[in-house]
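Given chain A's structure and the hints, the job is docking chain B onto it.
Chains A and B supply the protein sequences, listed in that same order. Quick note on numbering: the numbering used here labels position 190 of the first sequence as 190, and the sequence is numbered without any gaps. Quick note on numbering: the numbering used here labels position 224 of the second sequence as 224, and the sequence is numbered without any gaps.
A couple of the hints might just be wrong.
[As the list claims (entries may be wrong)] Have a look at the derived ranges for each label pair, beta carbon to beta carbon:
#	chain 1	residue 1	chain 2	residue 2	range
1	A	Ile196	B	Glu120	49 to 57 Å
2	A	His112	B	Thr227	45 to 53 Å
3	A	Thr237	B	Ala88	42 to 50 Å
[As the list claims (entries may be wrong)] Rough simulated footprint, nothing fancy, chain B against chain A, three-plus residues with beta-carbon under 8 Å:
#	stretch
4	81-95
5	108-121
6	223-237
In case anyone wonders, no lab produced these hints; they're calculated from the structure. Quick caveat: nothing in here was measured; it's all calculated off a predicted structure. Glycine is no exception: its CB is placed at the ideal position from the N, C-alpha and C atoms.
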Amino acid sequence: MRETDAARPAAFAPPVTANADLATLMTLFSAAFPIGSFAFSHGLEAAVAEGRVQTAGDVRDWLAVLLSRGSGWNDLVLMSLAHRAVKNEDAVALEELATLATALCGSAERRHEMMSLGAAFLAAASPWTGSASMPKAGIGDADTAPLPVASGAVAALAGLPLSPSLVGYAQSFASSLVSATVRLVPLGQSEWVVIIRDLMPTIVETAERASVSTLDDLGSAAIVSDIAAMRHETLATRLFRS
Amino acid sequence: MTDRRAFRPPIQAADAAPAPNLQRARGKLELRVKRLDGRTRLDDLHQAGCLKLRFPKVAGATSEAVLINTSGGLTGGDRLDQSFAVGAGASLSITTQACERIYRASSGRAEVTTRISLGEDGFLAFLPQETILFDEGALARRLELDAPESAGFVLCESVILGREMMGETVTGGSFRESWRVRVGGRLVFADETRLSGAIAEETGSAASLSGNRAFATLLCRNEAPETLIEGLRETLGENGGASLVDGLIVARLVAPSGYLLRKRLVPALAALAKTAVPRIWSL
Chain A
1 MRETDAARPA
11 AFAPPVTANA
21 DLATLMTLFS
31 AAFPIGSFAF
41 SHGLEAAVAE
51 GRVQTAGDVR
61 DWLAVLLSRG
71 SGWNDLVLMS
81 LAHRAVKNED
91 AVALEELATL
101 ATALCGSAER
111 RHEMMSLGAA
121 FLAAASPWTG
131 SASMPKAGIG
141 DADTAPLPVA
151 SGAVAALAGL
161 PLSPSLVGYA
171 QSFASSLVSA
181 TVRLVPLGQS
191 EWVVIIRDLM
201 PTIVETAERA
211 SVSTLDDLGS
221 AAIVSDIAAM
231 RHETLATRLF
241 RS
Chain B
1 MTDRRAFRPP
11 IQAADAAPAP
21 NLQRARGKLE
31 LRVKRLDGRT
41 RLDDLHQAGC
51 LKLRFPKVAG
61 ATSEAVLINT
71 SGGLTGGDRL
81 DQSFAVGAGA
91 SLSITTQACE
101 RIYRASSGRA
111 EVTTRISLGE
121 DGFLAFLPQE
131 TILFDEGALA
141 RRLELDAPES
151 AGFVLCESVI
161 LGREMMGETV
171 TGGSFRESWR
181 VRVGGRLVFA
191 DETRLSGAIA
201 EETGSAASLS
211 GNRAFATLLC
221 RNEAPETLIE
231 GLRETLGENG
241 GASLVDGLIV
251 ARLVAPSGYL
261 LRKRLVPALA
271 ALAKTAVPRI
281 WSL
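Chain B on its own, in the form it takes in the complex:
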């Protein structure tokens, strides 16, 4: 997962499931966790293709799962499907081993689908590391979450346009993010973010990214959101905002670089997800 691999096509993992086109990465993952003896335990796990999960040992009642994409990045035609089911009373935090890199797509787009379901009193923190969109990269990502009224969750997706260290500008490409969040069977939040065409030029507009290269969306449902929102607004600073809508905390943030975005996100996630923040989300 280093930049040296940036211009190579993604490598199919040796044990990958057969795919119609071997040039394309496929990954499928299904994880189910349950509460047992006051701790969160693995209930069921299926992993195929380039998606793997690791479970670092962590103290406390929340289990941590780290997603690994062994293909080393995504390009046009690649497809990841991941689903996470958190049983009643169980608590799980998910992150990724590295930033997801979206390489130049010669045709088509990479597609990533995440499905999350929570049981009564369950908790989930879905905190993947930043996605880096390379010049001419194409990604369509969909996240669906279903939770009962008694469950809590924190979601955060963050995106960096181009590799800053290489001074890369994302002149073209496409980025599409769709969220559908249902609580008690009711759609309470949806997001449709889309950057396409001449991305660097278009995101230069004040109403878009105002020339910033990094942005993030945060969503949080917990027992007392009104006690957290004021502190969160301060943490996010003047390039971020937070609101309380339909019992959810929604926050958005833009920053000039991935580093400056993370500098704001780390304390924000610590405030929202508390002990469920994976170690990787520290400065």
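Looking at chain A on its own, in the form it has when it is part of the complex:
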């Protein structure tokens, strides 16, 4: 972390560095980054099975709620705070965030989803962070790093600026769930690209809000989404693990 900081003047990032950051960011938050997010539907499988989500428009609206005032929004707030905690070398704050992010997942599969993805993300991102620089006291062992906290910490350790990292996370959150619905609804290629396009303003605006957020900004209105995640646990036929 200190090495990275020394090599990177805080006040001005030259274009070359910005492009390097962009390449890192696109790698870490790409659907191809090996963390296994394709295995989780975040409750959408139950929502589709029970007729709550039936069309491309339904998928777009559902995800817009999650991003702007649901679990996606909470993730972005937690990621933003984790990024700040690592920047401030505040291991205590980081650990508290990891605990809170875990406790906020109020159902078994969602908690498993967040922890499993977080652990996989930390492991896969280790070439960018270096095992020596990972704040062990903060994140603890790899099993206890929920995805948004792991993402914020890794982005900070890799020297990535906060705002684009949040865009990367939100985009990755949306596209992985859209690809789940491609299989579930199902959706054609021309439909899902439109969903992603339509969600762009929400992704950018939400990431911007999250970049200046505090703990007091946490809060979700996505209650039926939480219920769908619970109902997934007893769904008869399941392709996804959440």
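The following block gives chain B in isolation, referenced to the frame of chain A:
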């Protein structure tokens, strides 16, 4: 506590503690109960301002406490602080005398803080009646619970958006609910629910409330949660869900009206809290 009072500002109780702004309701309450001779007894009680407690006589080992907000409802700037300490082996159930009404706030928000602590083998059921958020009402509520591994509890908060009888729609306002639940010193559950802005429009979304006007969150810790969860899922029906996470039963439920919400909640609470369900929670 009738709807006729809805448009009047909350009335300060005659014996209320002096507050900086007399237009605002203040209430503070601290209750401590202990186990004595196989029953739960009052250990200590402080009440000030608009918060009062009554103890109806009930049979059995669980004592019942009924919270009364004498201000008749909450509006911007009102503040309630309540804390409940259940001693080792004691058993307490808490409810409210009426639904808490959150009136239109001209400025600020009402704040309600509840702190609960349990001793070894203690039990608490915190089952306030529904909170009704009127149009342009603003409420921030915080609930903190600390329990040892040996204790049990049932928590339920339910919210109704607008007064159905008057066909009211909550076009604006804010609702914020924060829970922090610690067992054995460890944070095992947290909830952050927030409705704000154009509430009726925003809760119309399928992922939010799907147009439902009422919702509830239930949390339960007892000796054999896995034996209860299947029955609970059936009771909650297709607009509810339940999960077992970190030794806790977590359940959420939405319903088109307060009545239909209660119809599901009453059997759910009976299954989870058993004999500790206050009489008010019956149909």
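The hints, checked one at a time:
1. A/Ile196 x B/Glu120: 49 to 57 Å: With Cβ atoms ~53 Å apart, the hint holds.
2. A/His112 x B/Thr227: 45 to 53 Å: Violated, at about 22 Å.
3. A/Thr237 x B/Ala88: 42 to 50 Å: 48 Å, holds
4. 81-95: Not satisfied, violated; 0 residues make the cut.
5. 108-121: Satisfied; 3 residues make the cut.
6. 223-237: holds (count 11)
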